[in-house]
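> Spelled out, the chains give:
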Amino acid sequence: MPSLLKALSSQVGRKLLTGLTGVALIVFIVVHLVGNLTLFGPPDAFNIYAYKLHSLGPLLWLAEIGLVAVFAIHSYIGLSIWWNRRKARPQKYHVYSSKGAPSRQSLSSKSMAFTGVVMLIFIVFHVRAFKYGETTMTSIPGVDYPVKDLKALVITSFLDPVMAFAYTFVMMLLGVHLGHGIWSAMISLTLSNPQRSAAVYTAGTIIAALLSVGFLFIPLYIYFTGGQGALIQY
Amino acid sequence: MSQMTIHLKIWRQEGPDTKGAFENHTLDTVNEHMSFLEMLDVLNEELILAGNEPFEFDYDCREGICGSCNLVINGRAHGPKRLTAACQLHMRNFKDGDSIVIEPARAAAFPVIKDLVVDRSAFDRIIAAGGYITVRTGSAPEANSIPVELEDSTFSFDYAACIGCGACVAACPNSSASLFTAAKLSHLNRLPQGEPEREKRVVAMVEQMEKEGFGDCSNYGECEAVCPKGISIASIAEMRRNYIKATIAG
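From first to last, the protein sequence lines stand for chains G and U.
If you read the first sequence in the working numbering, its first letter stands for residue 1, the second for the next number, and so on.
If you read the second sequence in the working numbering, its first letter stands for residue 235, the second for the next number, and so on.
Bear in mind the hints are in silico, worked out from the structure with no lab data behind them.
Cβ atoms here follow ideal geometry from the backbone N, Cα and C, with glycine treated the same way.
Check each hint, because a few of them may be wrong.
[What the hints assert, rightly or not] Simulated restraints on C-beta separations:
#1 G:Val117 <-> U:Pro250: 29 to 39 Å
#2 U:Thr252 <-> G:Phe125: 47 to 57 Å
#3 U:Ile361 <-> G:Phe114: 51 to 61 Å
#4 U:Ser236 <-> G:Ala198: 12 to 22 Å
#5 G:Val30 <-> U:Gly331: 35 to 45 Å
Generate the whole structure from the sequences, applying the supplied hints.
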């Protein structure tokens, strides 16, 4: 029997890792989205949420290190699959087309590498803009020292059309990536069978669409209401 | 009986190490009842009579059960019709005046031998790595001495239907042989006769598949769509389950 490392680096092991890290990333973005949506809560909700998250201290660092590792594994394997496919078919077809259902070849499945790479580049800018971005200080109830006003940072950022539409575009790509991704993870984690397959695929695309819309609603709403919409309380 | 004119663009390649190219031919006497391979026979006959070299293509039974034919027709393995091998594809699926591009299966693990014929011995080596069972040789065993659950025998039969044509590899955007390997595994793994070597088999066959240079599976499902026998990609999930049980979670 192969060693654990060898088994994990086999084609089956790599898909298992892609699926597991994919599910971990989905859990992360669900939590992220719930956090984001506190923007539409009571006036201080978003800043309190951010403050509480940061006050986790070492626990947060640990989670961040884990998250970076998960991103790294997921992207590395994804890109190596894309790289291997060129080696596995050096001579391309003159004509190539899908035979249709039950094939899952779609805009989503065919663009996994592209959407993945765009999101990876996006994350660098995203972290720089919001985690390390400069903003004014504010006060929140129960804390007797000033904290970063991240709510103001988000709102002023998305008043900029370039930021608002770039974020919207990337969040659409997230939906496209997950459209195939959620279903594919279920197959990789061996959680599908022929009877469930269609239902799992449909559920996957619905979840992908909901997550995408959930995220892109925020920049679009802020941009089109000038940050003064009824959903945001000050 | 209507006659059709068909414009063909066919891959011509002298050998594994030579560069191939497309050749154009037009056939004016295609009968709609011809199979795709019979249409190629007519073309080859015309070429031979004119003193030219015919196109090499693989075939044997012409009944859709041997897995010898594996042409890629207009970019689709075995052509436009589902659950149909190229030999069982009839010209009535095309229209008068159609242009058809015929290519060999393209994968590093399936090198071209000549024209449309590719070397699929990589599949044989995957089978040889573990696609067997250990039985007592000699006189035939008593048929009813090993009880098999109906559900298991049906499952096994579904996957035993794989004819090893290689359409799955040809159609997969990654040139993965996962469907073939998984079908062979699912064929044997649930039967009592296949049980003793189940873990060893899945590890050996997955390793061999990778060694042959087939790509990763990205769950595109194109393999299932082109499979003339309709092998389900559920077998790939089953292969992964068995592999993980045998190695990582075992």
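> Honestly, which of those hints from before does the structure not fit?
Hints 3, 4 and 5 contradicted; others consistent.
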